[in-house]
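Following the hints, position chain L against chain S.
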Amino acid sequence: MDPLEAIKATFFQECDELLADLESGLLELENGSGDIETVNAVFRAVHSVKGGAGAFGLEPLVRFAHVFETTLDAMRSGALATEPAAVKVMLRAADVLADHVSAARGQGVVDEAASARLAAELKALCSGEAPPGADEEIVIVDEALDDDGFGDFDFTPVLVEIEEPAPAGWRVTFKPSRAMYAKANETALLLRELERLGPCKTTLHTDDLPDFDAVDPEEAYFTWSIEVQTDQGEAAVREVFEFVEDDCVITVDPPVADAMSLPDLPTLETLEDEAQPRAAAAETLDVGMDVQALLQRAQAAVAEVNAVAAPVASAKPAATPAPAPAAAALHADAGDAKSAAAGTTIRVDLERVDRLIDLVGELVINQAMLAQRVAESGLARSSTVSVGLEDLEHLTREIQDSVMAIRAQPVKSVFQRMPRLVREVAAMVEKQVRLTTEGENTEVDKTVIERLSDPITHMIRNAIDHGVEKPATRIAAGKPAEGTVKLCALHRSGRIVIEVSDDGAGINRERVKQIAMDKGLIAADATLTDEETDNLIFLPGFSTATVVSDISGRGVGMDVVRRQVQALGGRISITSVPGKGSTFTLSLPLTLAVLDGMVVGVSGHTLVTPLTAIIETLQPKPQEVRLLGPSGAVLAVRDSYVPLVDVAAVLGYRQEPTDWTKGVVLLVESEVGGRAALLVDAIQGQRQVVIKSLEANYQRVEGIAAATILGDGRVALILDVDALISVRRKDARRPAASPQRLPLAS
Amino acid sequence: MTELQQKAIQGRRRELISFRIGPQEFCVDIMSVREIRGWTMATPLPQSPDYVRGVINLRGAVLPILDLAARLDLGETETTARSVIIVTHIGPRLVGLLVDAVSDILTITEDQVQPTPDIACDTVREFIRGLLAIEGRMISWIALERVMPEMEAEAA
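These protein sequence lines are chains S and L, in that order.
Just so we're aligned, residue 234 is where the first sequence starts under this note's numbering, counting upward by one.
Just so we're aligned, residue 153 is where the second sequence starts under this note's numbering, counting upward by one.
Next up, chain S with everything else stripped away, as it sits in the complex (with noise of 0.2 Å):
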């Protein structure tokens, strides 16, 4: 890949997180949790998108995120007040910023109108209540987009982290505690170690030392502050006071700065008398192509982004002799709070872990063949040997699951996606909705992740459709005008479990029942309980929305959920209490590299059944077996009639005719409703199996679904059920014909 383009891609990867962080921070505003931290968080993550795209030149987004991020300056200087029609305001924008990001990288395109608009309606919140000027602002950066040879550095956040000057001292202060004392540790240890780093100035604060009677032996009554001159970074300082850290009161800041007196740095006066120092800063420093400038520039930009701090620092006069100028000490301040975020995760490729996964997944089996043998040698029990097996036993077993749990990712990453589409579902609907999560924080393999947001998508979709009612009819009911959506993950029996409830009308079970009977889909005089009647709406071809509407619908129904869901493992239901509300619950497995499964053999092969498919498994007898026509059967399952699938003929393990009474049968139902009976030798158990691709290195194969390892190191064939089904069927159709290639049941 060109660089540039590498670059480009890290950009928008990081644009992801930085857009998900806008708007977790623009949600905790919303609901008033947030802080002015929060205020600046936000304004980081659009001031950072901003800055990159400035960089790779996406002149309409870096506008609107330029308009954006003056908005929220107003509201981090505190003239504009976080209140709810304001971030209410915001997250609108933070959902264009979105579209824009999406329009840059070439997916889908922005709506411009909207785009203007709240560009508008955010200028106006700024020019409002903003200090006078802030228009000026936007001309100025407007100016200096169009000035090519500069617009890299407005992508300081990168700067920041590939140059990283060190910082040429440090202001420590250091409270010890009385508890440091306690555990025998010496200040003037502490003081000799620091100095270590380069010559300290010292001095000792006694104001906090009580009357002579007043004093307590064992009480700590000293602070030190501590000027220290050091070209070693902010965490060589703090690693002096590492095992003291949590009985001790220590700042570590960069020394008082004397930026103005340094004289290749004149351009930070001159930002004094801006108006609009901030967002001035990186713009008006035109001093020409020179390393020195560039670096200036990229510090004042990072200024920028320490806005709060910056005035602070370089209002003071000089006060030490250190020769760091503030900017960079700020710079390397910034940096190090980045390297430290960094340093709690990284990012692997995920064909890496899968290789582990593979790995491992091969150790396992060998250490179990490995047992067998020395089992089989007739070694003792209690020998060295099979004691030193037992760890190694344990130890895999640790492995695999240490491995399993890197793949392992919080649900957050879908959830962080629903509270704009809860807020466009309920715009275009005329509803007043309320999303809550909860237990986002639920880890779920990658695999399940990725699949996770079209089903949740769909059931909220559903919920703030069909389920919250107008606002006009939930104050009738004594309901809050405005409805909640609640969106909740966790772990149950080895599942994770999504719910998404809605405290709206519940669902109507007699239209329900008149629809599905309109639609044939059950008998007219047909007797269910009310949870067979809810989850009616499941049926193909079951849509109670009279008008096909574009927020539910989208041409598919819950049915399409459904089915989506099973393919997955997993399993889907709805419960529904009248004028209360109703609760979509979906279960999925935590992964879908792992599956439970029916270990079958067939004519000396050795098959898995996925165990989601099956309904039970029956020993036919003979009398229950039908045939039907020249080659097929049916089994006669309590009065209705199943067909019957010779798992071996369908296979070509087998070609003589099947004596269809010997053997086992499954009873299994397929992802689009159809059941059929799956005729099998014998059973030989059930277990969990890793699941491999065929198509990895192969091409796929009908009937099979994929491949699993078993325990003795062969290779077993896991059996598409769907596709088994139709098989048959276009078997009966065209018996002659070799079985044609099937769509994936998807």
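Simulated from the structure, these hints should not be mistaken for laboratory data.
Keep in mind that a hint or two might mislead.
Unchecked claim - Pairwise CB distance ranges (calculated):
hint	chain 1	residue 1	chain 2	residue 2	range
1	S	D587	L	Q199	26 to 32 Å
2	L	Q199	S	V793	26 to 32 Å
3	L	D202	S	V793	38 to 44 Å
4	L	P269	S	Q600	51 to 57 Å
5	L	D274	S	G290	55 to 61 Å
Where a beta carbon is used, it is the ideal one built from N, C-alpha and C, also for glycine.
Only chain L this time, still in chain S's reference frame:
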């Protein structure tokens, strides 16, 4: 990078691994060989061509095994304890080739490769890139990219 450098130094030199199927000798480019392992029973795949022996477990990956003899219309390989699977990269895939035995590593230059003569039947011409005469032996260079079964259109 080193590979490029080596190529620059060696000009058009190639290293090949030769192996036996019955009395005949064949070879493949050593760069496409990942490893060579002993024969293990493969799990047969339903509805696959007769030269697809099935799949085996290669350290956690599912590896299809092609019976090269059957693919070249030389009859099915009788597997013995000495039968060998050559694990090769074919495009993005890893595929095992079942052969009777691995015999040699050859260093050749491209100009030693002779075109397949016209008398050969279509199957042979399809799968053989060319012939090599090494110390009086005739070795056929297999066109690996052709031995996989016709891949179905990768729809999704």
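Structure-based check of each hint:
Evaluation of the 26 to 32 Å hint for S/D587 and L/Q199 yields a pass: the beta carbon distance comes to about 28 Å. Checked against the hint of 26 to 32 Å, the C-beta distance between L/Q199 and S/V793 comes to roughly 29 Å, which is consistent with it. A C-beta distance of roughly 40 Å is found between L/D202 and S/V793, which places it inside the suggested range of 38 to 44 Å. Here the CB-CB span from L/P269 to S/Q600 is close to 53 Å, well matched to the stated 51 to 57 Å.
At roughly 56 Å, the beta carbons of L/D274 and S/G290 sit within the given window of 55 to 61 Å.
In this structure, every one of the numbered hints holds.
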